[in-house]
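Colleague: Going down the list, the sequences are from chains A and B.
Counting in the working numbering, the first sequence tops out at residue 449, every number present.
Counting in the working numbering, the second sequence tops out at residue 397, every number present.
Keep in mind the hints are simulated off the structure, nothing from the lab.
Note that the coordinates shown come from a computational prediction; the quantities given were computed from them, not determined experimentally.
Each residue gets a CB set at the ideal place from its N, CA and C atoms; glycine is no exception.
Don't take each hint at face value.
Quick look at which bits of chain A chain B covers, simulated, 3 or more residues with Cβ under 8 Å [stated by the list, open to error]:
1. 142 to 148
2. 151 to 161
3. 217 to 231
4. 240 to 248
5. 336 to 348
6. 393 to 401
Computed list of lysine-lysine pairs in DSSO-like fashion (alpha-carbon distance at most 30 Å, straight line) [what the hints assert, rightly or not]:
7. B:K295 with B:K172
8. A:K430 with B:K295
9. A:K429 with A:K439
10. B:K376 with B:K304
11. B:K172 with B:K304
12. A:K71 with A:K429
13. A:K200 with A:K249
14. A:K165 with A:K249
15. A:K430 with B:K306
16. B:K(-7) with A:K439
17. A:K71 with A:K200
18. A:K443 with B:K306
19. A:K439 with B:K376
20. B:K(-7) with A:K443
21. A:K429 with B:K(-7)
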Amino acid sequence: MKNNKTARGYLVNTLVIAAAFILFQMLTGIFGGEGDFKLVLVPSLWQCCYLILLAASLNLVLGFLGQLSLGHCGFMAIGAYTAALISLACERAGVFTDKAGLVYILIIFGCIIAAGLLAAVTGLLVGIPALRLKGDYLAIITLGFGMIIVNVINNLPFCGQDGLSQGSAAASLYKTGLGFGSKAKVTYLWIALVVTIVCLTLMFMFVRSKYGRAIRAIKDDEIAASASGINVSSYKVLTFTYSAFFAGVAGALYACANSSLSTSSFAFTNAGILNSTFVVVMVVLGGMGSLTGSIVAAVIMFFVNYQIANGSWVAALPPLINGIFKYPMLVYAVVLVIVIIFRPRGIFGTYEFSLVRLPEDIKKARARRAAAKAERKEAASHG
Amino acid sequence: MKKLFCLLLALCMVLSLAACGGSGSSGSSAPAAADGEEAPAASGDTLKIGVISPNTGNLAAYGTGIHTGAELAVEEINAAGGILGQQVELVELDDRADPTECLNAFNNLVSQGIGLIIGSATSGATSAITGPANEEEVVIIAPTATADSITTEDDYIFRVCYADSAQGAIAAAYAKTAGYDKVGIVYCTGDVYSSGLKDSFSAACAEQGIEVVATESSAALTTTEYTNQFTAMVNAGVDFVYAPYYYDVIGPYVIPQARAAGYDGVIMGADGYDTTPDYVREADAPVFNNIYWTNHYFAGDTSEKVTSFVKAYKDKFGSEPSAFGATGYDSVYVYKAAIEAAGSTEPSAVRDALADTSTVYECVSGTFSFDVSGTPVKGAPVITFKDNGDGTIGMELVDVVEATDLA
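In isolation and in its complexed conformation, chain B is listed as follows (with noise of 0.2 Å):
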């Protein structure tokens, strides 16, 4: 009897706890239910898409943007008349961005029958599929898998946000076009992503002439003490300063120091700035101008695509779309185009259509085209930072690279 009465104890914790998690996002969970429900009884009729993205765990925030942004192209899709005549129904499944439970949704899929997958989120998770894709003939496209490896072994693996060493050469594109021809270089030698970029930057200035005249780096992505760099950087006579580093040092550390060292220049970055304006204390909002960075899209641009885009997630899921939710929208309107293109939605044909490098597609994430790997060319918004003058940072868009730019 008392056992009874714990188990009852516990399942009606579980429930209330569900049912609280359920009603808070009922928008996202309520459609994915619907999907899964009628798998089994589809018919031939409609197209079925899978998507792999991690929907839990502590990158669950990835996967909500992939899938609802998914969800909200193949709704505009369907209300359109379909792909070929047929309706689109996505089939979802949560890696929890692990590789092995990445595997596990891959290979459920492929047993479904699916031949068309966009996933996963994280580079880790997604490379523990590029092989079986292969292998089973199953094309995959990664809306923002960004190591460089996962596109070059495979011939059925593509993605729409361009490669880690790429974001570099778009910042040394932007410094061409605004006329900066001698750079300085601030790095964390402790980080890949820090050091990665580093190196493709300054590879492309040496592509591009400009001049890198001074490198200065910190140990760690922990380090605190930016001063003596960007005092370097002030003696090295330099307007211009490639700081690839995260949010959580830019913010509070490196920007404040680098203005209190005396350095007014350009301080461009990466994607790693995003979300800094939550991290700057209030009394330094004034400091924040001349800072550049690039992202994969700016919510705030002003393109119609984007635009549209924006409206129609906010319409539906009431919040503003990640860069996550962009690229899990653009890879469902690639995934139309190819298989528009090749009359057919057999694997291999969209494959080789998606190969086709001269392939132009227009996407709220850029417009761009494949490269042989299958990684887009593309350029990238660069935003900046402004002090709204109340303590607090806004964001504007200053400028969009464009493919061509690249050298």
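Next comes chain A alone, as it looks inside the complex (with noise of 0.2 Å):
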């Protein structure tokens, strides 16, 4: 019974995924991918694709294991770079020239796997000391690691100005093999979709598994986990290495949707939402335990930061609330402070949206409403 209904969700979510594909892409031949389309809603997906593959990969390790981590914009770091600089290798050799065709697709793919491969291979060396640590020392240790992967590859002389043999040690890489202009970001969408949507299914399968169920029980009781023969560190690596890996993906698609690196952008003083401590916000503002939740937040997050700097209506308000606009931290700190007064766990909580189960949890939540309001009024009638 329990199979079928897993197997029928399956089938639902990817029916569904497969139609919206299909319609987006008859919207992109409407509009012929030109104008606003080309200029504001295909890099703001782009955008929004690694900063979903960002949170939803850091919840793995902070909702679901109950670790704080404030380094995982070191991993994207790594990812982006290891990206970046493959690709750059393969157009100096030759392998393609115009940025098109079967060939370049490929390279694509192994970039992008090939960077998820190298930040989890560091989120392994990273994870077998720092693991060992909790609660706060393990947030101070993986603060480090964020500052110290910025610093190292500023010092790196293949990671700076025109990159490899032609490059040397500075903040900014200027050249990379994959950087897609605009026309080539409308032209690809679909590997940011296809490679957001994949990594998403891999978190879920991996919370829904056997390992998801004994990290949850990590992060309820340690030791309670420990005594039924979990072993504690090592499902913590196994977590922070899977999550690491994902983060490297979203540097990949990052490095794909900017022309040049800059190390200033993976650093803590970063002043835009792409630093550690932002994807922590989301991840907390989606709900801590829902992936969902966290997807939502990043598009949520995105969309906030995209209009403070851009949106022609904030210049319209009055100046006194204009004058918040113009600290676009205020806006931030207002956002969290409203969704933790109204929703203390988070948008979601640690609940999942699904399509199968979205009818029987809405009469759920009804019912729950209604159980409240009862019990309210009793208590009214009572006092």
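Dock chain to chain to rebuild the complex, using the hints, since each chain is given by itself in its own frame.
Modeller: Structure below.
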């Protein structure tokens, strides 16, 4: 019975995703990939894709395993630079010349996988010693890791300026073999979408597997989990590595979306939303322990950030309110405060959105609300 | 109820913070808001120029300089009748010195139909929009992106500052005109700025016929010991040492130790020396003589162009313009000259006008023409420190190296 239900779930999701994908391709055809579609919507989707992957992968560690990691952008930086440098090497070696064709697409996927793998290996190396620590100490060591990565990349001669043998140690890599222009972003949008969907599927499968159940047990009570025969440290390292892999993939997508890389984008001091603390904020906002929550939160944060910087309505607000938008950090703070006041466990809590279960979830939520109301009424009448 | 109270409290705090911050920078924020407000309703009669700069974040000082400089230039141009009879309007966006944000801002400007853009402050952010600008055929003038490769690849990218490698050449030209034919170099091997300047300085020396007789180095920018390096300079018998470092080691360590080691000759540096006086210990002030450095522009320059700019900027914004203000101001005037030469505001026509390497632009940050790649060929003011006698250090213009002095 249960297997039947799972299979139905997969089928429904696949069909809906396929339908959405076809619809989107048709829309692309209608708009002809020009104007605002090309300049605003598609770049936004690219950014949403890597932010979603980043937030969802951190949720594995933060929400499901219950360990605070503040260096997630470090893995993303590794992924971004790996993808950029491998593709650049291919371009310099003449494997592809005009950024099109089957070979190029194969190289893109190769870069994405290599980026994930290198980030995962780093995650493993960092995780083995770091995950013996708990709580604040783990947060501090991962924070340090994020800073170390940025400094290491700054000082690697092949990671700066023109890259590889022509490069020198610098904060920016001006040449990447990927770096899609506006038109290429429309053409290859499917790569970002496919990669994001595949990665999310892998993450969902992970949290529902026996590994997922084990790490949730660790989060609830480490001693009880280890008494039940769960090898706590190996599961922790496994989750950390798995999460780092997807952060690396997110980095590769980032490298595709930007024609140059700058280590300041991955540093703690980055004023945009792409820094490790903001990824933590996304996870908390969406709900620790809900992958769908992370997806929603990543899109919301992206949207808020984009509108603050580029929304024409912001400038039309009265000066007093407009003043807040001069300090984007204040706006994020207000969003976070509002969410935490009304949804202390994040927008989704630990609830996972599911198309198959949606009707019964709505029914349940209604019943719960009615029960709560009845209870309040009763309490009022007694009091 | 309690929740609403919490929310109200949070909003009160945010609004009060915003109000405090707003009153502090009202001079610059008010025109920006007005520009944005008019943006959707503006008719075809105004010429819109986009400005992308880091107005918030940790490099906000750069962005403030650029957009205030540009606003000043636009105000002057509009008062004088605009460009080709059209009033100019700036559309200002914030990139927080981040490549992704810069690209978002760029796409936003292009989707509004703006084809002439000034931006951005840092090379890292600017390099994110050079490729797309070429693809969309949108002209970009970068005020302060100095990385060598910014303009080399793409046809539509220009800048009004010199490239990193040019400063070494300017220093060599100054050494030549000042009559030094034997020089020494002290630099930092672990920093791209320092070693890049050393490379370009020694290459330019070879071209100018200056002999580099001694080269010494330090390992990292955090090094605080330079006595040995300058003892070696004394032993080599040089009177001119090129030492490209930043203000935070120049002030407290390099200069006092060089003088203590018995080196009395010239020490020359680049724009990293800016703000050095803030880092000098009072007792060290008397040894700050014979120190020269190049910068993008010098606010104390007595030429008519600079004094009128500095005065207008001070009147409008109440502070002395930084180099970023000067380059932001220049960017607008370069656009004005190019649009008038092209007789059109079409990006491709403006681009063709800018690509004419024979046009000479007379700007606050120097008189120059563009080279083939779109980087100006220009000299730089040479500035010296002088002891004010009361433990503080002042600055004085020594010389202006002209583009024609370069090898």
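Colleague: Are the hints correct? Go through all of them and say.
Modeller: Comparing the hints with the structure gives:
Chain B is given as covering the region 142 to 148 of chain A, and this is violated because 0 residues of the stretch bring a CB closer than 8 Å to a CB of that chain, at least three being needed. Only when three residues or more bring their CB closer than 8 Å to a CB of chain B does the claim for the region 151 to 161 of chain A stand; here the count is 0, and the claim is violated. Note: the region 217 to 231 of chain A has 4 residues with beta-carbon separation from chain B under 8 Å; the three-residue rule is met and the coverage holds. By the rule of at least three residues with a Cβ nearer than 8 Å to a Cβ of chain B, the coverage given for the region 240 to 248 of chain A holds, with 5 such residues.
Requiring three or more residues with a Cβ within less than 8 Å of a Cβ of chain B, the coverage given for the region 336 to 348 of chain A holds, as 4 such residues are present. For the region 393 to 401 of chain A, the stated coverage by chain B is satisfied: 5 residues place a CB nearer than 8 Å to a CB of that chain, which reaches the threshold of 3. Note on B:K295 and B:K172: the hinted pairing is violated, with a Cα-Cα distance of about 35 Å set against a maximum of 30 Å. A distance of roughly 75 Å separates the Cα atoms of A:K430 and B:K295; the hinted pair therefore is violated under the 30 Å criterion.
Only pairs whose Cα atoms come within 30 Å are accepted, and A:K429 paired with A:K439 is accepted, the gap being roughly 15 Å. Taken as a hint, the B:K376 and B:K304 pair is honoured in the structure, with Cα atoms around 24 Å apart against an allowance of 30 Å. Under the criterion of a C-alpha separation no larger than 30 Å, the hint pairing B:K172 with B:K304 is inconsistent with the structure, at around 42 Å. Using a Cα cut-off of 30 Å, the hinted pair A:K71 and A:K429 holds, with the two alpha carbons roughly 19 Å apart.
Restraint check for A:K200 and A:K249: not satisfied, since their Cα atoms lie roughly 47 Å apart, outside the 30 Å limit. At roughly 12 Å between alpha-carbon atoms, A:K165 and A:K249 fall within 30 Å of each other, so this suggested pair holds. Simply put, A:K430 and B:K306 have alpha-carbon atoms about 63 Å apart, too far for the 30 Å limit, and the pair is violated. For the hint linking B:K(-7) to A:K439, the alpha-carbon distance of about 18 Å falls within 30 Å, and the restraint holds.
Between A:K71 and A:K200 the alpha-carbon distance is near 38 Å, which puts this suggested pair outside the 30 Å criterion. Between the alpha carbons of A:K443 and B:K306 the distance comes to roughly 64 Å, so the proposed pair goes past 30 Å and is violated. Distance restraint check for A:K439 and B:K376: the Cα-Cα separation of roughly 79 Å exceeds the 30 Å cut-off, and the hinted pair is therefore not satisfied. Between B:K(-7) and A:K443, the direct Cα distance comes to roughly 20 Å. Compliance with the 30 Å bound is thereby established for this hinted pair.
Restraint check for A:K429 and B:K(-7): the C-alpha separation of about 27 Å stays at or below 30 Å, so the hint holds.
Consistency with the previously given hints fails for numbers 1, 2, 7, 8, 11, 13, 15, 17, 18 and 19, ordered from lowest to highest.
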